[in-house]
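Trainee: One-letter residues, chain by chain:
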Amino acid sequence: MANLVIENVKKRYGNTEILKGINISIKAGEFLILVGPSGCGKSTLMNSIAGLEDVSEGRILIADKDVTYTSPKDRDIAMVFQSYALYPNMTVEQNISFGLEMRKVPKADRDVEVQRVADMLQISHLLDRKPAQLSGGQRQRVAMGRALARRPQLYLFDEPLSNLDAKLRVEMRTEIKKLHKKLGTTIVYVTHDQIEAMTLADRIAVMKDGEVQQLGSPQEIYDNPANLFVAGFMGSPAMNFVPTKVVEQNGVPMLELATSTTVALPFPKAESLKSHLGKTVLLGLRPEMITEPQPHKEGQPFVTTTDIEVEVTEPMGADTMILTRINDAEINCRSNPMYSAEAGAIIKMMFDTSKAVVFDQESGQRLDL
Amino acid sequence: MSNPSVGRKKSGLDKLLRVALYTVLLIVAAFYLMPFIVMLLTSFKDVEEIRTGTLLSLPSVLNFESWSKAWSSACTGSSCGGISPYFMNSFQIVLPAVAISTLLGAINGYVISLWKFRGSDLFFAALLVGCFIPFQVILLPMARTLGWLGIANTTTGLVFVHVVYGVAFTTLFFRNFYQSIPGELVKAARLDGAGFFTIFYRIILPVSTPIIVVTIIWQFTQIWNDFLFGVAFSGFDTQPVTVALNNLVNTSFGGKEYNVDMAAAIIAALPTLAVYVFAGKYFVRGLTAGAVKG
Numbered sequence: 001m002a003n004l005v006i007e008n009v010k011k012r013y014g015n016t017e018i019l020k021g022i023n024i025s026i027k028a029g030e031f032l033i034l035v036g037p038s039g040c041g042k043s044t045l046m047n048s049i050a051g052l053e054d055v056s057e058g059r060i061l062i063a064d065k066d067v068t069y070t071s072p073k074d075r076d077i078a079m080v081f082q083s084y085a086l087y088p089n090m091t092v093e094q095n096i097s098f099g100l101e102m103r104k105v106p107k108a109d110r111d112v113e114v115q116r117v118a119d120m121l122q123i124s125h126l127l128d129r130k131p132a133q134l135s136g137g138q139r140q141r142v143a144m145g146r147a148l149a150r151r152p153q154l155y156l157f158d159e160p161l162s163n164l165d166a167k168l169r170v171e172m173r174t175e176i177k178k179l180h181k182k183l184g185t186t187i188v189y190v191t192h193d194q195i196e197a198m199t200l201a202d203r204i205a206v207m208k209d210g211e212v213q214q215l216g217s218p219q220e221i222y223d224n225p226a227n228l229f230v231a232g233f234m235g236s237p238a239m240n241f242v243p244t245k246v247v248e249q250n251g252v253p254m255l256e257l258a259t260s261t262t263v264a265l266p267f268p269k270a271e272s273l274k275s276h277l278g279k280t281v282l283l284g285l286r287p288e289m290i291t292e293p294q295p296h297k298e299g300q301p302f303v304t305t306t307d308i309e310v311e312v313t314e315p316m317g318a319d320t321m322i323l324t325r326i327n328d329a330e331i332n333c334r335s336n337p338m339y340s341a342e343a344g345a346i347i348k349m350m351f352d353t354s355k356a357v358v359f360d361q362e363s364g365q366r367l368d369l
Numbered sequence: 001m002s003n004p005s006v007g008r009k010k011s012g013l014d015k016l017l018r019v020a021l022y023t024v025l026l027i028v029a030a031f032y033l034m035p036f037i038v039m040l041l042t043s044f045k046d047v048e049e050i051r052t053g054t055l056l057s058l059p060s061v062l063n064f065e066s067w068s069k070a071w072s073s074a075c076t077g078s079s080c081g082g083i084s085p086y087f088m089n090s091f092q093i094v095l096p097a098v099a100i101s102t103l104l105g106a107i108n109g110y111v112i113s114l115w116k117f118r119g120s121d122l123f124f125a126a127l128l129v130g131c132f133i134p135f136q137v138i139l140l141p142m143a144r145t146l147g148w149l150g151i152a153n154t155t156t157g158l159v160f161v162h163v164v165y166g167v168a169f170t171t172l173f174f175r176n177f178y179q180s181i182p183g184e185l186v187k188a189a190r191l192d193g194a195g196f197f198t199i200f201y202r203i204i205l206p207v208s209t210p211i212i213v214v215t216i217i218w219q220f221t222q223i224w225n226d227f228l229f230g231v232a233f234s235g236f237d238t239q240p241v242t243v244a245l246n247n248l249v250n251t252s253f254g255g256k257e258y259n260v261d262m263a264a265a266i267i268a269a270l271p272t273l274a275v276y277v278f279a280g281k282y283f284v285r286g287l288t289a290g291a292v293k294g
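If you read the protein sequences in the order shown, they are chains Z and S.
Counting from 1, position 102 in the first sequence corresponds to residue 102 in my numbering; the numbering is continuous, with no gaps.
Counting from 1, position 33 in the second sequence corresponds to residue 33 in my numbering; the numbering is continuous, with no gaps.
Extracted from the complex, chain Z is given alone in its bound form (with noise of 0.2 Å):
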């Protein structure tokens, strides 16, 4: 179990820059995410960390050693890669066994090793079968085996659960999660699925273009998006984003809606408008943040109850996604699937602007931090 610090690190081809100086730092046992589209970076930001890549400037420590220029078998990490990488012409047992063989670790104690990990996994009985043989599933229980049969300072996981079906990933999810709190060690895991990155993070770093967009806990960039970028990308269904103008009403600035009337939005940190009041601005409300009327919340400061006009509807089951259209932008709502919404009605929806946030339409930038 390691830290890990990733310091002012750059990586150019030629004259592109790919990494624009990282600096990420994690405290040893964390998970930490980076997530972002593809392009952004984050294999490449992986590969360093690794040291399948050289980085251009920078450094990188493990466990408080400087490592930028150590061959990558001198790190003592582990990766699980995308594809798996599993060496087709070995068996399971031989495959789990081989990082442990290319250390010299005598015969015997890789086999109480390999043991140890095919338990936890639940391998054991696949250990004589080739790669070849084994469902996608299993591949990817292998390929972690390996990298646990080490017992390296720092695991790095490359989109690891995407080659594999929708119902799977989710369980391999949940397992991964658990193995991270029963084995405590520190993670680096690249994705390009927001879901994973929510639900497996201690804290996440979003990326794009080769800069972290935003370090943070779950929750802190759920709830407190530093720009644009990040709020739409975080969150399924995403963000809307409603460009509304800064209007003053009894002295407070307010944020102005038309949805079939005219309505002025309260706004928690009304102060940070008023250098905007009379421009326009970007409102980023959750989709959960407009539900049907709730008596519980009625009064509540930040609630605010209005008509709008249903375009479609889309039944998920355990929630409704209502569409509408408010100051020419389209906005999904969550809401109760026994409220009635037909499209075309008009209908009464809640607002509560308790979390919302607001951005810089040019520069995508937050007003309100």
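No wet-lab data here; the hints were simulated from the structure.
Because the structure is a prediction, the values reported are computed rather than measured.
Glycine included, every Cβ here is placed at the ideal spot set by N, Cα and C.
Worth double-checking, as some hints may not be accurate.
Facing chain Z, according to a computed beta carbon distance under 10 Å, are these residues of chain S, among others [as the list claims (entries may be wrong)]:
hint	residue
1	Pro182
2	Lys187
3	Ala194
DEER-style ranges, computed between Cβ atoms [said to hold, decoys possible]:
hint	chain 1	residue 1	chain 2	residue 2	range
4	Z	Gly136	S	Gly119	33 to 43 Å
5	S	Val137	Z	Gly136	44 to 54 Å
6	Z	Gly136	S	Trp115	26 to 36 Å
7	Z	Gly14	S	Phe123	14 to 24 Å
Capping the alpha-carbon separation at 27 Å, the derived lysine-lysine pairs in DSSO-like fashion look like this [said to hold, decoys possible]:
hint	chain 1	residue 1	chain 2	residue 2
8	S	Lys116	Z	Lys20
9	Z	Lys27	Z	Lys181
10	Z	Lys65	Z	Lys181
11	S	Lys281	Z	Lys130
12	Z	Lys73	S	Lys116
13	S	Lys116	Z	Lys10
Go by the hints and put chain S onto chain Z.
Mentor: For chain S alone, coordinates are given in the frame of chain Z:
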């Protein structure tokens, strides 16, 4: 099943097409086999029978005399020991040349596909040019090189020439094959602590069987059948069998012994034939490997 008449009609047409297909295949096969059949028939006849009969007439008795003569007592130029010593020469050239060029090709392909370095694509492109250089072009420079290396007119020299000439092809084969191996495999092995040669030997080579077979067949056939290098760079007692065959056919005292010529030609072709028979299915499989993913 619900409409039997349609089914019957279709199967009738099917049958007709199948018959036509097999007819065409048989004709083509016969066409390609014809020269070999003529050779075989001729080799079993004696000189008298050849002169009086037609090309396709069957021999009256199976006469193996011409075979033993071709093998051990026919004259090739000034020596009269048959083609057997040259047959052995060929093996002495082919076996090391195939082994070395295949191994070098495997390592080259491994580096070019899985350990890409700055300029590795350019290196590969340059190597590919080697596939397009005609044999004749390198005769003189190679003769100078062999002389300079002190291995002119030796088996070693011929092995060297074939290795140099073959590496371009073998590298191409292995590179294309390794292109389909995910780079993550090498990354995983590096993290596991394996080095360059350990990865090659423990992980890459064991999955290379199809392409190794292809390369061996290709190289074996190429080098065994080579005449030009053999005639240009061999000494009197290091001649490969192809050169000896040429000498045998061109050496005649009195009448031409077509039966001996044919027997010698078949003997000279036997090893490549055997390689195809034993490994042919890998050849097709290996050539198409990577063409279809999955």
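Trainee: Compare the structure with each hint and give your call.
Mentor: Evaluation of the provided hints:
Taking 10 Å as the C-beta cut-off, the interface hint given for proline 182 (chain S) holds, the closest approach to chain Z being about 5 Å. Look at lysine 187 (chain S): its Cβ gets to within about 5 Å of chain Z, closer than 10 Å, so that hint holds up. Interface restraint check: alanine 194 (chain S) against chain Z, minimum CB-CB distance 5 Å, threshold 10 Å, status holds. Between glycine 136 (chain Z) and glycine 119 (chain S) the beta carbons are some 38 Å apart, a value that agrees with the proposed interval 33 to 43 Å.
A C-beta distance of roughly 53 Å is found between valine 137 (chain S) and glycine 136 (chain Z), which places it inside the suggested range of 44 to 54 Å. Separation of glycine 136 (chain Z) from tryptophan 115 (chain S) is about 29 Å and conforms to the stated range, judged on CB atoms against 26 to 36 Å. A beta carbon spacing of about 19 Å between glycine 14 (chain Z) and phenylalanine 123 (chain S) agrees with the range 14 to 24 Å that was offered as a hint. Distance hint between lysine 116 (chain S) and lysine 20 (chain Z) is fulfilled; the C-alpha atoms sit about 24 Å from each other, no more than 27 Å.
The suggested pairing of lysine 27 (chain Z) with lysine 181 (chain Z) holds, with an alpha-carbon distance near 15 Å, which does not exceed 27 Å. Annotation: proposed proximity of lysine 65 (chain Z) to lysine 181 (chain Z) holds, straight-line Cα distance about 25 Å (limit 27 Å). A C-alpha spacing of about 24 Å is found between lysine 281 (chain S) and lysine 130 (chain Z), which places the hinted pair at or below 27 Å, so the restraint holds. With a C-alpha separation of about 19 Å, the suggested pairing of lysine 73 (chain Z) with lysine 116 (chain S) holds against the 27 Å cut-off.
With a C-alpha separation of about 21 Å, the suggested pair lysine 116 (chain S) and lysine 10 (chain Z) falls inside the 27 Å cut-off, and the hint holds.
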